[in-house]
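J.: In case you want the letters, here they are:
Protein chains: 4
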Amino acid sequence: MIYFNCDYNEGAHQNVLDAISNTNMVQSAGYGHDEYCEKARNLICDLCGNPELYVQFLVGGTQTNLTLIASALRPHQGVLCAELGHINVHETGAIEGCGHKVLALPSTDGKVTPDQVEEAYRLHVECDTPEHTVQPKMVYISNPTEVGTIYSKKELEDLSEVCKKNGLYLYIDGARLGYGLTAKGNDLDLPSIAKLCDAFYIGGTKIGALFGEAIVISNPALKEDFRYIIKQKGGLLAKGRLLGIQFYELLKDGLYFKISEHANAMAEKIKQALTKMGYDFLVDSPTNQLFVLMPDEKIEELSKKYSLSYDHRVDERTSCVRICTSWATKEENVDLLVQDIYKK
Amino acid sequence: MIYFNCDYNEGAHQNVLDAISNTNMVQSAGYGHDEYCEKARNLICDLCGNPELYVQFLVGGTQTNLTLIASALRPHQGVLCAELGHINVHETGAIEGCGHKVLALPSTDGKVTPDQVEEAYRLHVECDTPEHTVQPKMVYISNPTEVGTIYSKKELEDLSEVCKKNGLYLYIDGARLGYGLTAKGNDLDLPSIAKLCDAFYIGGTKIGALFGEAIVISNPALKEDFRYIIKQKGGLLAKGRLLGIQFYELLKDGLYFKISEHANAMAEKIKQALTKMGYDFLVDSPTNQLFVLMPDEKIEELSKKYSLSYDHRVDERTSCVRICTSWATKEENVDLLVQDIYKK
Amino acid sequence: MIYFNCDYNEGAHQNVLDAISNTNMVQSAGYGHDEYCEKARNLICDLCGNPELYVQFLVGGTQTNLTLIASALRPHQGVLCAELGHINVHETGAIEGCGHKVLALPSTDGKVTPDQVEEAYRLHVECDTPEHTVQPKMVYISNPTEVGTIYSKKELEDLSEVCKKNGLYLYIDGARLGYGLTAKGNDLDLPSIAKLCDAFYIGGTKIGALFGEAIVISNPALKEDFRYIIKQKGGLLAKGRLLGIQFYELLKDGLYFKISEHANAMAEKIKQALTKMGYDFLVDSPTNQLFVLMPDEKIEELSKKYSLSYDHRVDERTSCVRICTSWATKEENVDLLVQDIYKK
Amino acid sequence: MIYFNCDYNEGAHQNVLDAISNTNMVQSAGYGHDEYCEKARNLICDLCGNPELYVQFLVGGTQTNLTLIASALRPHQGVLCAELGHINVHETGAIEGCGHKVLALPSTDGKVTPDQVEEAYRLHVECDTPEHTVQPKMVYISNPTEVGTIYSKKELEDLSEVCKKNGLYLYIDGARLGYGLTAKGNDLDLPSIAKLCDAFYIGGTKIGALFGEAIVISNPALKEDFRYIIKQKGGLLAKGRLLGIQFYELLKDGLYFKISEHANAMAEKIKQALTKMGYDFLVDSPTNQLFVLMPDEKIEELSKKYSLSYDHRVDERTSCVRICTSWATKEENVDLLVQDIYKK
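Protein chains in written order, with the numbering used here: chain L, 8 to 351; chain W, 8 to 351; chain U, 8 to 351; chain H, 8 to 351.
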């Protein structure tokens, strides 16, 4: 069985693993108070072009999202988010578990628009009894989104502007940030992202690390006592250095972006085959996730050899499946899949 | 200014007030451990035709909803609810504040259908990773709904069946239950409601009481330690007898239903005038709340004399307003309003 | 049976009840947006000598405590409190239910000392890993305390100073505030209290009202969006005017203090009898609650005629019971009790 | 600087690291649905002598504690725990953050006694108004405790009995379980522990793993939907296999216990030196943590070369420090420390 069902089927990039091995018996302080984390934090500030950024490392995405949101919001405040947003549908109510409503906005491409945010905010403040409804205080977006699409710089600037204007925090879930920043057509980079939002995270779990997400906070209001919240929510890793070591290794020479590009290129190959065969896509994704509409028979046939990710039924004979590449995807496996896509 | 904006503009029915006055200096135990509450509990069991029902009294509706739901659900479980449901839009995230996601279902008439419940449940259990999503464990409905519509006995039976089949609790918010049970076309009554759901409440605040909601629990699993949850959530009234006295007075001779009928009749009068004038309604409501679509000019004119409740903009010239009668509505005021509706 | 077990056995003072009756059919806006609440809020500001105070009315004490604390603290912050504090032992974990640890301090007289606060704060900030422990951010005290003792002005000033110095909020639970402010030896008043703490509440439930607590917030940081939190926690009374009407009636001519004095005088009578009979007290209380150590036999005998409140076992033959008077206590009943105390 | 301040200063045992490396590019399912976790789960069941045990792997201790407790308790229920218990003092209120009160019991040796549990339970159920207080529903103990002491089999049996009798869950935090089970004087083993409690965890982070805790649940009531709670609380590791691989490696040939023994032996060497020098201990610990009372001067001197963990001030000239060995402690470093302890 060859896995194209997700982007966390393997361990870590060899360089990352070597870095962990090479430092294994060095003694260091716990909980991220070590020199590896310090170096990784400084490196991220450099890459983002802002020495004032506050950087912490957590283990996983849901943990990162819930920690940041729990830290930022007061009890009556909620977070605007696309219907398809990870926090809305794939975290078992982690945000509600911290007491906050996720205010879902309709979206077919996984994105939130400035108009939606403006309208949601306006409806809240203009209603007769705002205090009877949840106060929108944050906008959560994913880049790339859960369906593989990316935000343009202009789109992010506009979102950022409407958030600032209305006193809303803008938070970006970057579980697959590398895949987004190296996608065809992307015009965003780390400095622009760090500037336009209040907080975001650089995902490691899905791009070369054993595990780990680097959260980057630019808004001073969100930095205060943040480590208390990490600890309370169970996210403070005892051997925090493991996170610092990995992120330093991934980011020091651009490895993170190189392996992201690889995943996108592999997805592009598959996409071209699917396109040639006339299959439609849920949306046009330039990143490592493809959501393709296929006849059930074809899906069944491919599933004998490949693990794909079933998404949803489209009609009686057609379903949407997700095909996913990653930093670890072998081109030989892609070629096999492409051949089988072409097979009639 | 004459108020038609909601159904809690006045104090209490005179009989209720008299009952409070007449018992004022009697000493009794606190927190509902008094004879008045005991009598009211027994009366409610009688009216529902089931001596095993567990009855407690709370002060308000949001409090009742959050207490019951917090008591019934485990952290990962959520509650299915119509988009327009009170817990979804008008309780400032009270349910999320207790850690639970409200799983909103599209609805134009304020109702939830058995098919929607079946589908939501099926999608959850059939997905590859149910544990990554909130587990539906309860269905919340309001009867009458937030837009004034009512469930038929057949509709409730079908909902009840699909809930039982799938292990979901069915909970009915009866903030306006009296208005529903006395509406034209209603075929539900207290015994059928008590039998078909796991818990419901009989609303007092909006029907003749100073305040108070009587929660009725039939499912034994939901009775255990319920009073601890009331206390923890801040809902245990020290002078609990005030609730027992009021509900006993309202229910002992059918006063609750008589004054509900009055409100419906008053609404019907207004509805006929609006219909004659050709105005459309959001939905066809047989109860005390009318959601009517009116030209903004007409709304403005009426608003000089009457307090109405603005609901939402329909188009550039038209808005939806709620007109509300209650147990306390004076017919002379209704007649004035009717005249002014007819006025061109 | 004559009740001396608590101070909420009766309804309301007759004037309060009359005020509710007299306004019963007046139509007004809901949720505290009415003229009665407005008048009561202004009156309380006047009595406290500060027009900038923010006043809201809630139904009960646990509700008030949890709402204020949930509104003020971030997730990792806790509240310092005497071991005997109501939030620590008699609210079914309402504060923890909102996510916050109650940091209990040893106390035999129910009070918290400035030294305890200073020490708790110092231990937190000086420890190597403060983020692994709950951050003290508020001091909760009750005045009178749960065992009837009161704070002197000097004591409150000192507490206030240590709180300000360390960035801690000072919050006073005034469930029985009237009994405290009219106690023998008291030198506090509303203006000094309002000045020395960040928030406090004037208890109505136990002093003449059917129900109700008036929360008074002086710290601007605690005012923001407070009504959202009230609503979310289920504490926003639909017919909010009931609270305004009651507090206005109680406070407009000093009725609140007059009836408080009565309760204290009644307690004093009982205390003298107990003292003459040689019984010891848990602490020396100048207010309406007496905690007396009595032989079990004597308690059993008195309990045939009087409802007392059992507190705890002292030794094999002795227990501590609470004897409680209130605004409603009849002197004839006190005289009967006194006679029976003297009886051998 | 040589670290004796804690037991998580290094990475992982070389065998564990090798196992991770050797499987690095194998593709597997995510979230613990892989063959490595399956093997590790089966192995743990075997070692505990019960194939019905439910085993899940989490990343860290606080996360494990909060997940298990949040899953087991209803909102009004609390957990009994020694004052020194990790959940009471070193998890930033993680349990309260999930809504539950930690009911602290006085303890100087870090243990909870059956009498304390019995008494706490009795006081709750016998009080007049149990629903006004938190319901004790679980007993949390650590073995070894936070001060290094261990429970005997008899002590655990007695605790288990009192818990069963009163319907309380018994949960054991085994962050350092290996150090306890290999300590001098220990008569507990995995099968007896699995039998006597409802849930416990085998700590990996502090004993040879990069990270990881294996939670073992024997009570069927605590198994239901447990993975939902893990996900909601942010503890479901995407590459869950990393946990299975590590625990399998540690447990398959007894490595876990061998390296635990080493740590205890190293601590014993240090303990003998400290004893010879006449230093007192906070408690007598047979495990890898020593809490020794030393003159501040001596501490200062040692701290130039060794990182120790300051615990608390004893008197003007003396403090208590924790000296900690681990699976990774080098004997040569212990010998250096011993020499320096003897130095005058």
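FYI, nobody ran anything at the bench for these hints, they're computed from the structure. Among the hints, a few may not be true.
One copy or two, it doesn't matter: identical chains are merged, so the pair holds either way.
Restricting the straight-line Cα-Cα distance to at most 20 Å, the calculated cross-link-like pairs of lysine to aspartate or glutamate (DMTMM-like) are [as the list claims (entries may be wrong)]: (1) Lys265 / Asp232; (2) Lys350 / Glu59; (3) Lys265 / Glu339; (4) Lys191 / Glu45; (5) Lys191 / Asp232; (6) Lys265 / Asp196; (7) Lys46 / Glu268; (8) Lys259 / Asp122; (9) Lys312 / Glu42; (10) Lys172 / Glu162; (11) Lys276 / Asp260; (12) Lys311 / Asp135; (13) Lys259 / Asp53; (14) Lys230 / Glu138; (15) Lys161 / Glu45; (16) Lys312 / Asp135; (17) Lys305 / Glu125; (18) Lys172 / Asp232; (19) Lys259 / Asp287; (20) Lys337 / Glu323.
J.: Taking the hints in turn, state whether each one holds.
T.: Hints and how they fare:
Proximity of lysine 265 to aspartate 232 under the C-alpha cut-off of 20 Å is found in neither arrangement, the shortest distances being 35 Å within a copy and 40 Å between copies. Taking the shortest alpha-carbon separations for lysine 350 and glutamate 59, neither the intra-copy value of 55 Å nor the inter-copy value of 46 Å comes in at or below 20 Å. In the homo-oligomer, the alpha carbons of lysine 265 and glutamate 339 lie at most 20 Å apart inside one protomer (19 Å), although the nearest pairing across protomers, at 44 Å, exceeds that limit. In this assembly of identical chains, lysine 191 and glutamate 45 lie within 20 Å of each other by CA distance neither inside one copy nor across copies; the values are 33 Å within and 40 Å between.
Taking the shortest Cα distances, lysine 191 and aspartate 232 never come within 20 Å of each other, neither inside one copy (39 Å) nor across copies (42 Å). Taking CA atoms no more than 20 Å apart as the test, lysine 265 paired with aspartate 196 passes inside one copy only; the shortest distance there is 14 Å, against 50 Å between copies. Proximity of lysine 46 and glutamate 268 under a CA criterion of 20 Å is satisfied in neither setting, with 25 Å inside one chain copy and 35 Å between copies. When the C-alpha separation of lysine 259 and aspartate 122 is checked against a cutoff of 20 Å, the pair qualifies neither within a copy, at 38 Å, nor between copies, at 51 Å.
For the homomeric pair lysine 312 and glutamate 42, the shortest alpha-carbon distance between copies (19 Å) is at most 20 Å, but the shortest distance inside one copy (45 Å) is not. Taking CA atoms no more than 20 Å apart as the test, lysine 172 paired with glutamate 162 passes inside one copy only; the shortest distance there is 15 Å, against 46 Å between copies. For a Cα distance limit of 20 Å, the shortest separation of lysine 276 from aspartate 260 qualifies neither inside one copy, at 26 Å, nor across copies, at 46 Å. In the homo-oligomer, the alpha carbons of lysine 311 and aspartate 135 lie at most 20 Å apart only across protomers (17 Å), although the nearest pairing inside one protomer, at 58 Å, exceeds that limit.
Taking the shortest Cα distances, lysine 259 and aspartate 53 sit within 20 Å of each other inside one copy (10 Å), while across copies they are farther apart (45 Å). Taking identical chains as interchangeable, the C-alpha atoms of lysine 230 and glutamate 138 lie at most 20 Å apart only when they sit on different chains, with a minimum of 13 Å there against 27 Å within one chain. With identical chains, the CA atoms of lysine 161 and glutamate 45 are never at most 20 Å apart, being 33 Å at best within one copy and 48 Å at best between copies. For the identical chains of this complex, lysine 312 and aspartate 135 are inter-copy neighbours only, at 18 Å across copies versus 59 Å inside a copy, given an alpha-carbon limit of 20 Å.
In the homo-oligomer, the alpha carbons of lysine 305 and glutamate 125 never lie at most 20 Å apart, since the shortest distance is 43 Å inside one protomer and 29 Å across protomers. In this homomeric assembly, lysine 172 and aspartate 232 come within 20 Å of each other (Cα to Cα) only across copies, at 19 Å, whereas the closest approach inside a single copy is 26 Å. In this assembly of identical chains, the alpha carbons of lysine 259 and aspartate 287 never lie at most 20 Å apart, being 39 Å within a copy and 50 Å across copies at closest. Taking CA atoms no more than 20 Å apart as the test, lysine 337 paired with glutamate 323 passes in neither setting, with 34 Å inside one copy and 58 Å between copies.
Taken one by one, the earlier hints fail for this structure at numbers 1, 2, 4, 5, 7, 8, 11, 15, 17, 19 and 20, listed in ascending order.
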